[in-house]
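Trainee: Line by line, the protein sequences are chains A and B.
Under the numbering used here, residues 1 to 372 are what the first sequence spells out, in order.
Under the numbering used here, residues 1001 to 1283 are what the second sequence spells out, in order.
Careful: at least some of the hints might be erroneous.
Claimed, not checked - Pairwise CB distance ranges, derived in the manner of DEER restraints:
| no. | chain 1 | residue 1 | chain 2 | residue 2 | range |
| --- | --- | --- | --- | --- | --- |
| 1 | A | Pro73 | B | Leu1096 | 29 to 35 Å |
| 2 | A | Glu211 | B | Val1102 | 42 to 48 Å |
| 3 | A | Met176 | B | Leu1098 | 48 to 54 Å |
As the list claims (entries may be wrong) - With a straight-line cut-off of 27 Å between C-alpha atoms, the simulated DSS-like cross-links for lysine-lysine are:
| no. | chain 1 | residue 1 | chain 2 | residue 2 |
| --- | --- | --- | --- | --- |
| 4 | A | Lys132 | A | Lys118 |
| 5 | B | Lys1171 | A | Lys132 |
| 6 | B | Lys1200 | A | Lys131 |
It is worth saying that the hints were derived from the structure and are not from the lab.
Please read all numbers here as calculations on a predicted model, not as lab measurements.
Heads up, the beta-carbon is just placed ideally off N, CA and C, and yes, glycines get one too.
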Amino acid sequence: MKGSRVRVEVVAKWFDDFQALKDVSLDIKKGEFFSILGPSGCGKTTLLRIIAGFEDPSAGLVSLDDQNVVPLPPNKRPLNTVFQNYALFPHLTVFDNVAFPLQLRRENPKVIETQVRKYLAMVHLNGHEEKKPGQLSGGMKQRVAIARALISEPKVLLLDEPLSALDAKLRQSLLMDLDFIHDAIGITFIYVTHDQSEALSVSDRVAVMNEGVVLQVGTPYQIYEQPANPFVARFIGENNLLEGVILSKNGFCYTIDTDGLGALKVTSESRLWEPGQRVLHTIRPEKISITKTKPGGLSKDYNLLPGRTFESIYSGFQSKFFVHPEANEKMQLKVFKQHESFLERGPDISWDEEVFLSWDADDGYIVEAIPQ
Amino acid sequence: MKGRAGVLYTLPLMLWSCIFFIIPIIIVFIYSFLAKGLYGGVVWQFSLKAFSALFSWSFFRVSLVTLLIAVLSTILTLLIALPVSYYLARTKNNTLLLALVVIPFWVNLLLRVYAWIAILGREGFLNHLMTFLGYRGEPVQFLFNFWAVVIVHVYTYLPYMILPLYSNIEKFDFGLLEAARDLGATHMGSLVRVMLPNIKGGIVTAILFAFIPTMGSYAIPDLVGSTNSHMLGNSIAYNIRTANNWPLASAISLVLTLISALGIMIYFFLNRKPARHKVREAP
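All chains should be modelled from the sequences, with the hints used to inform the complete structure.
Mentor: Here it is in C-alpha cells:
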C-alpha cells in the first residue's frame, strides 16, 4: 500500500463564535476509499480543508502515518486536492496544468513529458494536451484536475465534492473512473460529498456528519442497514420512522406497540432492548411489499397492514406509493415497488386504492431507545 | 439593416474624435514640416529643419531622461500598486479604502504637486520630521531634482494603476492560489506563477495608464524638477512660449504621439485573444 494512514484527533474548528467542527475524530486506513457524507453546512468541507492545510484546527491534531501535519503549510503536505470547481489554471494548457507540480520541482523535461502523458492516459485525455481549460467540458476539466492532483504521487488524495457540478450520467462514469484509479494506484482517497449514492457506491467506509459532529463511521452496508441514530436513518436512503413501546421479546424478535399502527414485529440483533422501553424503529420503503389482495401464507413473524394509497408516482423501473394505513389515516408510509417484469396493462396500483402492506420482521430495524 | 443603423449610432463619437483628436494631430503633423515664424506661429513653407533639430545631443538627452523617468516611475508605481490592489481585492469592507484611492482625483493636480513641495522643500515637513528625530545637519533640499520628479509621478499615477489592477484582481479566482499551494507552490510562488499571468491584462492596462501620461508630463518636472530632469513636455512648452519654434514643438509632439501609439500597439499585442480551437468531446 502506497497511501498514508490519516488520523484526525478531537479536531475542533471555530469561525468567530460559530463552531463548525466539534471534537471530530477519524482513523482512516492506509489505501482506504473513505467518504465523508453529510448535508451542506455540516462541516465536511471544513474538515477536508483542515486535512489539506488550508485551515488550521482550533484544537486537536491531524496526522499522516503518525506525523502531526498541523504545523505544515499545504505545499509541504504529501496530499493533493481535487476541488469542486476544478480550479484549473486558465492561462495554462492541459499539458502545463498537469505538469505544474513537476515543473515546480524543476523535474527533467523528459520525465515531465512521460509522466504527463501517463497520467493523461489514466484519465482518458490523450490528444487534448494543447487545449486550454476554457475549451474543455466540465467532465474533462475535472479529469485534468484529477491527473494534476495525482502526478506528484501524493499519499492521500482529497476530493471535495468533485462531481457535484456535473450532470448525472457523467457523474456516474467519472465515479467509476475514480474507483478504478483508486484500485490501480492504491493511495488513500478521502471523498467529501453530500450525495449518498456516490458515497455508498464506491467507499470502503463512510463517515456521516451533521452539525460538526461525526454521527457514524461504517461500511456502506452498516450505514444503510444499521444506522446508529435517527439522523443517519433519515439521511441515508428513504425510510419510514416509527415509534413505539416494546410489548414483548422472543429471542431476537420484539413486538412493538407502534404509535398509531398497533403491534408490529421487529427483529434486532441487539439484546439491549427490554419490554416497556420506548424505541425508534424503521422499515425501508423498498422492503415493504404492496398488494391489492391480502397476501396469504404469511409466517407468524410477518407484519400486515391494510391501507389506502393517496399518491402513486410511476418512474419506470419502480413506483413510489404513499399509503395511509387503515389503523391511522393521519399517518403515511412510503412504499417502493420494483417493476421486475413487464406490466401489460400499465401499473396495477394507482391512487386511492385499497392495498395491503406486508413485511418480514427481519426487515425492520430498531435504531435507538427514546428516553421517556 | 441593423449594421447600417449601428454606423449611425457611432456618428457623434466619430465627429467628436474628428474635431478634437484627428484634426489637431493633422495640424501638428503639418506644422512640423513648416518653417518657424519669427514671433511664433509658422511660415507656410516646406522645411525639414524641425526634424533635423531632433538629431541633436540635447534632444537625445531630454528624450533619454523622459524615458528614464517614465520607466522608473512606472515600475515603482506598479510595485506599490500591485500589493495595494491585491489587499483591496481580498478585503471585504473596502469601500472606505477605495474612496481613499479615488479622493485625490477630486483635487487639482497642481494643488497636489504644491503639497509635495510643502513636504519635500527645505523648510518642508520632511526636514522638520528629520530634525524632530534628531537630525542636526543643514536642512536638505529634496526638491528640484530627478528623484523628486519620479516620486511625484509615482504619487500622481498610483490611483490610475490601482483601479484597473483592482478591478482585474477582484475577478481573479483566489481558489486557484489554494490549488497552486496544494500542488506544492510556496505562497510567493503561487502569486507569481498563477495570479500574475491571470491578471496580465490589468497589469498592461495599469502600465499604459501610468507610462503614457508620464511620457507627456509637463507640470510636474516644471514644478519639482531641475534642468537635469527636463522632460519632452518641457521642451515643447519652451519651444512654443520662449523659443517661438512651433515646428520644432510640433515635431517633438509627433515623436511623443508615436511612442504612445507604440505602447498601445504593444497593449493590443499582449492582450490579443488566442485563436479558438473547436471543442471536441472525449470518447
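Trainee: Next step is simple, just say for each hint if it's right about the structure.
Mentor: Going down the list of hints, with the structure as the test:
1. Checked against the hint of 29 to 35 Å, the C-beta distance between Pro73/A and Leu1096/B comes to roughly 32 Å, which is consistent with it.
2. The given range of 42 to 48 Å is respected by Glu211/A and Val1102/B, whose C-beta atoms sit roughly 44 Å from each other.
3. Between Met176/A and Leu1098/B the C-beta distance comes to about 49 Å, which sits within the given range of 48 to 54 Å.
4. A C-alpha spacing of about 19 Å is found between Lys132/A and Lys118/A, which places the hinted pair at or below 27 Å, so the restraint holds.
5. The straight-line distance between the Cα atoms of Lys1171/B and Lys132/A is roughly 19 Å, inside the 27 Å bound, and the hint therefore holds.
6. Between the alpha carbons of Lys1200/B and Lys131/A the distance comes to roughly 20 Å, so the proposed pair stays at or under 27 Å and holds.
Checked against the numbered hints given earlier, the structure satisfies every one of them.
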